[in-house]
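Each protein sequence line maps, in turn, to chains W and F. Numbering-wise (the numbering used here), the first sequence opens with residue 47 and increments by one. Numbering-wise (the numbering used here), the second sequence opens with residue 47 and increments by one.
Treat the hints loosely; a few may be bogus.
Same chains, same names: a pair is fine if it fits in one copy or spans any two.
[Unchecked claim] Below 25 Å or equal to it, Euclidean Cα-Cα: the simulated DSS-like pairs (lysine-lysine) are:
#1 316 to 384
#2 112 to 139
#3 130 to 371
#4 370 to 192
#5 370 to 329
#6 371 to 329
Calculated from the structure, these hints are not laboratory results.
Number of protein chains: 2
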Amino acid sequence: MPYYIGDVIKDEKSLIARTPEKFRESGIEVRIDTRVEEIDPVKRLVRLAGGEALPYDFLVLGTGMKPLMPGIPGEEREGVFTLKRLTDAVRMKTWLRDLSCRKAIIVGAGFIGMEMSEAIRNLGIETQVFHRGTLPVNRWDPEFGKWILEELGRHRVGFVTNVETRAVEEGREHRLRLITNRGEDEADMILMAVGIQPATELARQMGLPLGKTGAIRVNFSQRTPQEGVYAVGDCAESFHRVSGQWVSIPLGDIANKQGRVAGGNIGGGKMIFPGIVGSQCFKLFDLEVAATGLDEREALQSGFHPASTLVWGNSTARSMPGNKKLGLKLIADRATGKLLGAQAVGEMGAVSRINTLACAIWAGLGLDDVGWLDLAYSPPFGGSWDPIHIAAQALRRQI
Amino acid sequence: MPYYIGDVIKDEKSLIARTPEKFRESGIEVRIDTRVEEIDPVKRLVRLAGGEALPYDFLVLGTGMKPLMPGIPGEEREGVFTLKRLTDAVRMKTWLRDLSCRKAIIVGAGFIGMEMSEAIRNLGIETQVFHRGTLPVNRWDPEFGKWILEELGRHRVGFVTNVETRAVEEGREHRLRLITNRGEDEADMILMAVGIQPATELARQMGLPLGKTGAIRVNFSQRTPQEGVYAVGDCAESFHRVSGQWVSIPLGDIANKQGRVAGGNIGGGKMIFPGIVGSQCFKLFDLEVAATGLDEREALQSGFHPASTLVWGNSTARSMPGNKKLGLKLIADRATGKLLGAQAVGEMGAVSRINTLACAIWAGLGLDDVGWLDLAYSPPFGGSWDPIHIAAQALRRQI
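With the rest of the complex left out, here is chain W:
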């Protein structure tokens, strides 16, 4: 009987707590709230916190990521949260509701910071984002960062720049006080969203090699060097098809795919995970923010000679009602014309463009192809020249 060990999420409705029973019907034993203390790769034993030892033929590590903390005094105070799993969100929501919170501070302006700023603001809570830089989501071009900043402002989310956090103290008017280089700010909750790192304690303890990213090294079958041991999801590396590097990009769709590949191979199938191209997106109030491939810094680091262009176009034909502004940036290699990366922001159609370009990058297309792609044209969905064509042809002329 195969085992599944982990802290299966119990949400407010306890729906998922029924998971063990559901799996048992399929002959799988699921143990929730079960801590693995140690793994013995020689005897092939998983030792649990209570002392029990379970033998394995195959072992899949899916230990995920853990949020980083700034490492400042008081960060362990009640009311200071990080977001990793659904239960964290439930705890946060309960805290905000039960204590009738009126003010929240989010430290960090990446994906989690942005998505949570919308979620918390939409509860009617005064929300501020504290960021060590000057513009949110630095993966995107500063032009897009400015637009995202405007979107935060339009929804009255505060944004404080160039922040270094120093301490969390007890507040006077609110529960907590955050001390920074910019002063002292009180709030009823603080969300630390300053970064994440792969959770690799068990992997290290059992002697598995980690990549230079800090995540577990795997091959295209999701196998580690130890016989029968696989790693999948945020704790494992992925092959980036553009840079040719093994990278650590913790995203749910990648984890899903890797899990299917590991399971298929353990079940006797022949499957590989063909890698990623770095596609990602998030929603921020009315904006779609999306990217794929490499940004210019990564392209340089990978040995390419990047050139880029940023065009402002339209999500639909200009004549259509409901037409929205769309920004699209393309990055290509000067030597070969190969498309290396793309970024898009807009109220409509940004994710759609990025998915088309993700496929182009996956297939290794160059600007000569991307500039003439046969996209489905109809005025409600785009112009006869899509921003994709316009940007690709502009960048082609440039290089």
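Based on these hints, arrange chain F on the given structure of chain W.
Same frame as chain W, but now just chain F:
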């Protein structure tokens, strides 16, 4: 000085009638409402209706398509329309308004029939579509045809099947009466949307070869076999990258691209039009209807061994509010696993999926790639397994 001869559209606001002046500033003489009677390819002369003859070094034929008529008695009556240019739409709108029309009949259930049924219905006019088949838009799978039919019904557009038109007569309660094998129906206007054919009179008269599609044969530079003579747009053929055939697909984005290629080459550049993959879409009330590549019949005719699957998925993660049903059909070759075609219908995200798949087909990807494409994942925009992945993996297992 280069010439541009054609019936430049004059809309109600006469905006475009200013085109000749605008072009003159660039040294281009535009003649509108000017009929070309004959072209002499030996003397390189364009003879106009008034007798004037203009010499040319380069000639671009962009004569477009013309709508077919059913060829029945009375089809020339006032109130019977076809739709080719903006002026046709303006004439129709004026007719509907000035005569306070209450009932309209559309003959034909292709693109034009569908789009016009929405446009006319939205004016509050009782609208019926008469179709020779049983389901609209036969390019799409019957499952999708049924959904489109439901959408017409939901918006109270009538749909009459298996119709053969016989005559148009004067009506009693309404202006016109349409006689068909199904009976007699009155309406204040009738739109004939039964098909189109390339307008090639001038091309034939000057001795240019036509393809088996009936459109003008061109090469990748948009050149015809006659020195200095180009053809672009609906009157010219395009290379279909999947079937390897030269086809006639009259769409505005293709025409735009071909025009740019011809212009670039005439201007001394080196440009080619790399062909199409058959992408197309339209909006029908709340539905997006889109397709790319070959359908099964075309795939068979092109020598492939098509297999297909149709999956019902979701436009966003199932947990998201506003999530909509999305149908996706994929067609692939049994011998190679190569993706040959795709169709999608849904209230949201159908065109987006088809554009991604159009890029996959353009690049010649197979199901092993399409099933693992790295798409930008976030719950508001899709599940971690997108319908694209689900359909591609299902079809892969099937073949």
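Consistency of the hints with the structure:
{"no.": "1", "hint": "316 to 384", "in the structure": "between (31 Å within a copy, 19 Å between copies)"}
{"no.": "2", "hint": "112 to 139", "in the structure": "within (20 Å within a copy, 62 Å between copies)"}
{"no.": "3", "hint": "130 to 371", "in the structure": "neither (34 Å within a copy, 30 Å between copies)"}
{"no.": "4", "hint": "370 to 192", "in the structure": "within (17 Å within a copy, 32 Å between copies)"}
{"no.": "5", "hint": "370 to 329", "in the structure": "both (16 Å within a copy, 17 Å between copies)"}
{"no.": "6", "hint": "371 to 329", "in the structure": "both (16 Å within a copy, 20 Å between copies)"}
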